[in-house]
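> Sequence:
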Amino acid sequence: ADGSRSLLKEFLGAEARAIGERELAVYRHLEEAAGGAPDLSVGTLCGHMISDEAFETRGFREAWEASFGLAVPPPAAGRLWLIFRWVPLRTIGGFARVEQPPAGLAGLFDWGAAQARRE
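Take 2 as the starting number for the sequence shown in this note's numbering and just add one per residue.
Hints may contain errors.
Taking lysine to any residue and the SDA-like style, the derived pairs with C-alpha atoms no more than 20 Å apart in a straight line are [claimed, not checked]:
| no. | residue 1 | residue 2 |
| --- | --- | --- |
| 1 | Lys10 | Glu54 |
| 2 | Lys10 | Phe56 |
| 3 | Lys10 | Ala55 |
| 4 | Lys10 | Ser68 |
| 5 | Lys10 | Arg80 |
| 6 | Lys10 | Ala38 |
| 7 | Lys10 | Leu83 |
| 8 | Lys10 | Trp87 |
| 9 | Lys10 | His49 |
| 10 | Lys10 | Ala72 |
Note that these hints are calculated values from the structure, not bench results.
Only a predicted model underlies this, so the values are computations on that prediction, with no experimental measurement involved.
Based on the sequences and whatever the hints tell you, model everything.
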């Protein structure tokens, strides 16, 4: 354990598992095309796993309940998990405040004049 944080995504049920398997295939394709782990703004896949019977043990379930309470049910064996490098949540407040001129047809209209006419 090097102290780094990870984001775990669990895919519940057959339909969700198919989505997870597709996401894993896309990340593998991107990694192959990049010749290594690509630097993606959507996250860096570190690995994946299928949860095993250890997730069904009493000790695991007690530790889960102590950490998360009863509101979050513990994961079950046989589920697909994708493991990503942790990236803190980035809110809109973190983006640079740069004026962006209207693009396309928006620049053809004088929205201020239209608003003044309505008032």
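> Each of the hints needs a verdict: does it hold here or not?
Here's how the hints hold up against the structure:
no.	hint	verdict
1	Lys10 - Glu54	18 Å, holds
2	Lys10 - Phe56	15 Å, holds
3	Lys10 - Ala55	18 Å, holds
4	Lys10 - Ser68	18 Å, holds
5	Lys10 - Arg80	10 Å, holds
6	Lys10 - Ala38	18 Å, holds
7	Lys10 - Leu83	5 Å, holds
8	Lys10 - Trp87	12 Å, holds
9	Lys10 - His49	9 Å, holds
10	Lys10 - Ala72	18 Å, holds
The structure shown violates none of the earlier numbered hints.
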